[in-house]
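**Student:** If you want the building blocks of each chain, they are given just below.
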Amino acid sequence: MMSQITKSLLVAALAASVAWVAAPTSRASAQEIQITGPLAGAPAVRRLRQHRVGRVQLVVPTVGYTLQDEFSRSLMVGLGAHVHFTDFLGIGVWGAMANFAGAFQIDTDLTTQVITNGQTTDRNRLSMPSNEGFGDQIAQLLGLASVHLIFAPLRGKLALFQGAFADTDFWILAGFAAAFVEERADVTDASVCAGATSSAACLDSQTARNVRFAPAPMIGVGLNLYFNEFLGMSIQWRAFPFDMNPSGTDESGQGADGGPGGGFPDGQINAEDQRFYFHHMINLGLIINLPPEIQVSD
Amino acid sequence: MDFGSGEGGDADMDFSEGGGDSDMDFSEGGDEGGGDEGGDAGGGGDVIGDLAGNEAQPDAADRDRPERSGEAREEIFAVQQIYALRINRVELIPSYSTTLNDPFVSHSAISLGLNYWWTNVLAIGVNFLWYEGLESESDLSFFIRRSTRLAVPVSAYQFGAHLNFTYVPIYGKFSMFNEFIFQWDSYIVGGVGIMRTRPVPVVDPEVRNFDYDIRVAFNLGIGIRVFVSRWLAVFGEIRNYMYLEQLEALDVALGDDRLLQETWTQDNPAFTSNVSVHLGLTIFLPFDFDYRLPR
Numbered sequence: 013m014m015s016q017i018t019k020s021l022l023v024a025a026l027a028a029s030v031a032w033v034a035a036p037t038s039r040a041s042a043q044e045i046q047i048t049g050p051l052a053g054a055p056a057v058r059r060l061r062q063h064r065v066g067r068v069q070l071v072v073p074t075v076g077y078t079l080q081d082e083f084s085r086s087l088m089v090g091l092g093a094h095v096h097f098t099d100f101l102g103i104g105v106w107g108a109m110a111n112f113a114g115a116f117q118i119d120t121d122l123t124t125q126v127i128t129n130g131q132t133t134d135r136n137r138l139s140m141p142s143n144e145g146f147g148d149q150i151a152q153l154l155g156l157a158s159v160h161l162i163f164a165p166l167r168g169k170l171a172l173f174q175g176a177f178a179d180t181d182f183w184i185l186a187g188f189a190a191a192f193v194e195e196r197a198d199v200t201d202a203s204v205c206a207g208a209t210s211s212a213a214c215l216d217s218q219t220a221r222n223v224r225f226a227p228a229p230m231i232g233v234g235l236n237l238y239f240n241e242f243l244g245m246s247i248q249w250r251a252f253p254f255d256m257n258p259s260g261t262d263e264s265g266q267g268a269d270g271g272p273g274g275g276f277p278d279g280q281i282n283a284e285d286q287r288f289y290f291h292h293m294i295n296l297g298l299i300i301n302l303p304p305e306i307q308v309s310d
Numbered sequence: 669m670d671f672g673s674g675e676g677g678d679a680d681m682d683f684s685e686g687g688g689d690s691d692m693d694f695s696e697g698g699d700e701g702g703g704d705e706g707g708d709a710g711g712g713g714d715v716i717g718d719l720a721g722n723e724a725q726p727d728a729a730d731r732d733r734p735e736r737s738g739e740a741r742e743e744i745f746a747v748q749q750i751y752a753l754r755i756n757r758v759e760l761i762p763s764y765s766t767t768l769n770d771p772f773v774s775h776s777a778i779s780l781g782l783n784y785w786w787t788n789v790l791a792i793g794v795n796f797l798w799y800e801g802l803e804s805e806s807d808l809s810f811f812i813r814r815s816t817r818l819a820v821p822v823s824a825y826q827f828g829a830h831l832n833f834t835y836v837p838i839y840g841k842f843s844m845f846n847e848f849i850f851q852w853d854s855y856i857v858g859g860v861g862i863m864r865t866r867p868v869p870v871v872d873p874e875v876r877n878f879d880y881d882i883r884v885a886f887n888l889g890i891g892i893r894v895f896v897s898r899w900l901a902v903f904g905e906i907r908n909y910m911y912l913e914q915l916e917a918l919d920v921a922l923g924d925d926r927l928l929q930e931t932w933t934q935d936n937p938a939f940t941s942n943v944s945v946h947l948g949l950t951i952f953l954p955f956d957f958d959y960r961l962p963r
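Chains as they are written, first to last, in our numbering: chain A, 13 to 310; chain B, 669 to 963.
What the hints contain is simulated information worked out from the structure, not anything from laboratory work.
Ideal placement from N, C-alpha and C gives every residue a C-beta, glycine not left out.
Treat each hint with caution, since some may be false.
Claimed, not checked - Over 10 Å on every C-beta distance to chain B, these chain A residues come out as not near it, computed from the model:
(1) Leu-60
(2) Phe-97
(3) Gln-131
(4) Ala-190
(5) Val-204
(6) Ala-206
(7) Ala-220
(8) Gln-280
As the list claims (entries may be wrong) - The following label-pair restraints were derived from C-beta to C-beta distances:
(9) Leu-888(B) with Glu-144(A): 30 to 40 Å
(10) Pro-873(B) with Thr-133(A): 16 to 26 Å
(11) Ser-854(B) with Ala-206(A): 56 to 66 Å
(12) Met-910(B) with Leu-296(A): 43 to 53 Å
Given these sequences and hints, build the entire structure.
**Tutor:** And the structure:
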């Protein structure tokens, strides 16, 4: 999965580079106005409505959904706040809880298939003591919190059907996130699931849970639409990669290349079974800018 | 580019074709250039007549003019023409795409599209995607089989070809640090086409072998295009290619029936969504174009 994302990012960077190099005049738009237009010598933008500078931007609430989950999805509801030193730079915090503090679980179709058709044998009894209980052993995201820098290099406006207009800005964030994850508890005694059938102790190990804190970098991009001076909407994408064992199965014992195989299985469920995951999600949020009054540039 | 809160700052984006219509208000407060010129024109009188010294006897043309009771103040808007006209241009669209929603197989492809714009906001076109050799299967299938004894049927794609319609409902422009201006638009694309796919044998790979076959596919997506010049743009697009896939049967028939191809696939095809992200360039041809009205 990592290679897929990395490949996509590399291609995107390559495409952007080609476009940049191929552009005959990267400043064509702005220069055209400056040189030949009636506003020759004028800045590209006058009387810019500065939605960020000197204001606190509350994003309450944010509603999001995790993407590309293998076994369990998370509906994230949270809130965020940003303080901006300039119209393009600020700091922010954001936090969200998953599935209303674990009030429900959203299984993927794969989890449903495993519960229905998975088979427990002597060779995978530790990984899956029973197929019916597989839904209880998969990892759940409990919540996320982040502190980040936010950089908004692009300011503009858009027209929808030539009838509705909104100020917009495009932003990038980078910072640190704390992910709270609930996973299957460690199983260090391989004999627990060594019998010909799943013992009570083995079945108990399937439902035993452990909550841990996983630090992760966080990156994100977003588009803000401002309906008026103090209300708007934010569309965000955030990524927070960290190691995780989403299935609660025994996966360690990889070969020398780090791939599956080699010395599998090691007969334990522990941190060695975690794999790198590129967690990411989309968010929608309602923006409230305070104070309501906006600053306008020259 | 007026981002101001003044009178001219509201509803000041008109993307109609031609420079004479108010394409986009670049005025400061909406009254750029107004007033003085109009006033001079209204109160100035006949310059040639002044030079000739016959102020008391206006000629016939002057007598025919309507009397002006006050100073004229015409608002003159400085407007920008649409940066890159699309009408009657062809758009060449090379891109790279990969799957967003399939954790088992990454259906990556190189794609080439061709659009003809018959208005500034509507286009008809085709796109072709080549998948074979670019797809990759993740380790997840292996992990699932090893840990749960469950085989997950997967598919391989060879190519896709689609007829598409594109509509541009959203235009916009971004400024970067009050220095650069980037024009962009957002579009909706959708259409119908074919995909050539086949099941990948994972349940009984020793016996089963599948050939590629044609499926009818529908697609729907949204995208954003940022112009770098009047003929070149970069774009990103999310498009869902939907079709009915014939998946490998999870059961293995016993005896000689195991060799019958009729037993290799599931009874009913499965609805499949391949949500893909496209990243690439769009090149508008011809490179140059003429505006209907002068600047």
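**Student:** Does each hint fit the structure? Answer for all of them.
**Tutor:** Hints versus structure:
1. Leu-60: violated (4 Å)
2. Phe-97: holds (15 Å)
3. Gln-131: Contrary to the label, Gln-131(A) does not stay out of reach of chain B, its closest Cβ about 4 Å off (not over 10 Å).
4. Ala-190: Non-interface label on Ala-190(A) holds, nearest chain B Cβ at 25 Å vs cutoff 10 Å.
5. Val-204: holds (16 Å)
6. Ala-206: holds (17 Å)
7. Ala-220: Ala-220(A) clear of chain B: closest Cβ-Cβ about 18 Å, beyond 10 Å.
8. Gln-280: Label holds. Min Cβ-Cβ 14 Å, cutoff 10 Å.
9. Leu-888(B) with Glu-144(A): 30 to 40 Å: Between Leu-888(B) and Glu-144(A), where Cβ atoms are some 38 Å apart, the hint holds.
10. Pro-873(B) with Thr-133(A): 16 to 26 Å: holds (20 Å)
11. Ser-854(B) with Ala-206(A): 56 to 66 Å: holds (59 Å)
12. Met-910(B) with Leu-296(A): 43 to 53 Å: violated (24 Å)
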